[in-house]
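Put chain B on the given structure of chain A with help from the hints.
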Amino acid sequence: MTTTRNGILKSLMAASWLVAAGLAPAAQAQEPGLTDTTIKIGMFAPLSGANMAYGFDVANAARMYYDKINKEGGIHGRKIEVVLEDDRCNANDLVAAVKKLVEQDQVFLLNGGSCSAAVVAAKDYVVRSKVPMIMLNASGDGALYPPTDYIFGAFSISQYAVGGAMVEFAAKTFGAKKIAYINHDDAYGVWNLEGSRADAEAGKVDLVVESISPTITDVTAPFFKLRAANPDVIAIVTYARPAALLIKKAFELGYNKPIILSVTGTANLAQMAENVGGKDALKNFYVQDVLADLPGGPKIKWVYDMYKAAYPDLAAKPDHPQAYMPYGIPSAMSIVNALKEAGPQPTREKVLEALKKQNFDSGVMAGPVVFGPTERAANKSTIFIKYDGTNQVLQPGVFTSRWKYKG
Amino acid sequence: MDFELILLFLQQGIASGLVVGSVYALLALAIVIIFKTSEVPNFAQGEMLMAAGYVALYLLVFRMVPAWAAIPMTVVVAFAAAALFRRVVLTQVARASGSPVNLVIATLGLSYVLKGLVRQTGFGDTPRSFPSLVSTESVMIGQASVTKLDLTILGTAVVVMAAFFWMFGYTKLGRAMRAVGMNPKAAQLVGVDLNRIHVIVWGLSGAISAVAALLIAPKLLMTADMGSVVTLGFAAAIIGGFASLPGAIVGGFIIGIVENLVGLFVSSRAIVVAPFLAIMLVLILRPQGLFGGRVMIKKV
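In order, the protein sequence lines correspond to chains A and B.
Start counting the first sequence at 0; every next residue gets the next number (numbering that gives the first Met the number 0).
Start counting the second sequence at 0; every next residue gets the next number (numbering that gives the first Met the number 0).
Looking at chain A on its own, in the form it has when it is part of the complex:
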């Protein structure tokens, strides 16, 4: 009996020694997507289909940033290896892509999502799998609030902040006391309206709200209702198609007060100018943007130059780089920063902790990337541009929503 007990004790001591000496590196080696020389990042974006404009070049921007880091020697000696999947901005395709990247490709972390409704569908799986997911340019507020330990996003801007910043701009620039506010009648619309109400209340601005379906075909009724309210400004917080129908209707009816369009509807401004009936419809028209400067402006010219160098064939095509291209940079920057800060032996947990502490100016977006213990939306600031169908003129100031997550 004593002999047996001694034997057990010896075995336990040997096991402890083994754990101390050898198993810790073994556990390290088990961290998926990580080798001594590489870190595997799973990316997903709409690479084809009708919503390609929302993410194709955004993913390209993130990839070119990773290439730049690799050329500079990588992160703690490890090169970034990207596996890229097409999610078509469709919830089913996106979840399938995420599962493939996590289970088959065994990536270390995920970097993807350009469309909010689709990316939110992956939330449960990502949280259950405990894989860090850093969105590309989707707002994805539904996956960001309430905050989880695993999902970070809104590098373009949080939907809550989109509406709030619109109200802030209308009140400060035009002295608007009554704003006609048109949003979608879905979760997207609810989020941006909540942010708008916070800013409207603070600025003592009256909001007249019309919520419309994203698939609306006839905007006569909502437009007439808003016009009847005699607002100082019309704020359109919809996708490009309903926005174009509303601007066209305003032009047909001779409406000449300022119209402000949110960043959600600005994927292709040249096409929009054509769709609304030409330049005459855009005489008093402003668009929201989340970049630090005009697209291609001096502050962010380096991003466009980098794109031309990385993708010369694409850059030669007329529709490239797509409008949202620069949004991919801050997302990739956050990942690179967090990986650096996680040290030479990174784990997913260490990277997640580092992500929660990110607070830096990307030099690309209107505001800094700021995460926190309960903050998962990177950006809340916007700029505004007067657009007449050809020229873009930057309006003075950066406009930030007052909305805060209350828990």
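Note that these hints are calculated values from the structure, not bench results.
Please note: incorrect hints may appear among the correct ones.
To be verified - Quick list of in silico lysine to aspartate or glutamate cross-link-like pairs, EDC-like style, CA-CA up to 16 Å:
no.	chain 1	residue 1	chain 2	residue 2
1	A	Lys224	B	Asp192
2	A	Lys224	B	Asp1
3	A	Lys356	A	Asp92
4	A	Lys129	A	Glu102
5	A	Lys256	A	Asp292
6	A	Lys122	A	Asp92
Stated by the list, open to error - These stretches of chain B come out as covered by chain A in the derived footprint (C-beta under 8 Å, 3 or more residues):
no.	segment
7	5-14
8	261-275
Unchecked claim - Beyond 12 Å from chain A on every Cβ pair, some chain B residues (computed):
no.	residue
9	Ala95
10	Leu102
11	Phe167
12	Leu188
13	Leu280
Note that the structure is predicted; figures quoted are calculated from it, not measured.
For each residue, glycine too, the CB sits at the ideal point set by N, CA and C.
For chain B alone, kept in the frame of chain A given last:
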């Protein structure tokens, strides 16, 4: 809401409703003529409209074909493509199984094929504007504001519908179509070629869709999903009584006006729901539709 505003909304709702309703009525007419002759609801009707719209866009914008040539070319292409689908695909499907369900599935297949084809061309990736062939300058009718384009849409739709009613009532072809709709076997016995009639009906349905596309496209933006507007055509057909041609027309106008009045007096959120509430009401109160005959139970 004061009385002035109520009056304005009422006039505007009716005027705008008549305009969009006329297009829904055309779509409902296209759906009903196929259903009457073959008892197959054509679930590709919206995509036929969408594809015809893209054909017109391609001719007018990308090939710079003048409108006087592009419009008839679009209508002819739509007629030929729909007739060919009936002749080649549906005839084969009917011969192979004989079950109407398979025919319905074949129309669903066509809808996916057309959507896929348009996406494949790359034209459907971005919402595009269709050039308006008529001025979009506003015209006041009472207090309601409509554009010259709106008036053209309404006028053209009414002329097309009148032409079809004349054809059904006063031509040999129209009478043959009605005969096939009433009793195909009897029609065949008196010498009507069923296949020929089915092919012509499908062709005409395609042509009507093309006209509807040419009318509505300048008001909507062109996308590969624009065919979803056909849901309102189906709603119009159900309200009118699925097998009734006048019912389809009236149903279209009802849907258009209800949509606009609900949007103005209730809520913009309710616009999408309004046609379906109207369908439910009609199905509860008058299941055969406003113009449908009495309900008949077929013996099995």
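Against the structure, the hints come out as follows:
1. A:Lys224 - B:Asp192: Violated - the C-alpha atoms of Asp192 (chain B) and Lys224 (chain A) are around 54 Å apart, more than 16 Å.
2. A:Lys224 - B:Asp1: holds (13 Å)
3. A:Lys356 - A:Asp92: violated (32 Å)
4. A:Lys129 - A:Glu102: With Cα atoms ~12 Å apart, Lys129 (chain A) and Glu102 (chain A) stay inside 16 Å; holds.
5. A:Lys256 - A:Asp292: violated (25 Å)
6. A:Lys122 - A:Asp92: holds (14 Å)
7. 5-14: It holds: at least three residues are needed, and the segment 5-14 of chain B offers 4 whose Cβ sits within less than 8 Å of chain A.
8. 261-275: holds (count 8)
9. Ala95: About 32 Å separates Ala95 (chain B) from the closest Cβ of chain A, which puts it past 12 Å; holds.
10. Leu102: holds (28 Å)
11. Phe167: Non-interface label on Phe167 (chain B) holds, nearest chain A Cβ at 29 Å vs cutoff 12 Å.
12. Leu188: Non-interface label stands for Leu188 (chain B): nearest chain A Cβ at 45 Å, farther than 12 Å.
13. Leu280: About 20 Å separates Leu280 (chain B) from the closest Cβ of chain A, which puts it past 12 Å; holds.
Violation of the numbered hints given earlier is confined to hints 1, 3, 5; the remaining hints are satisfied by the structure.
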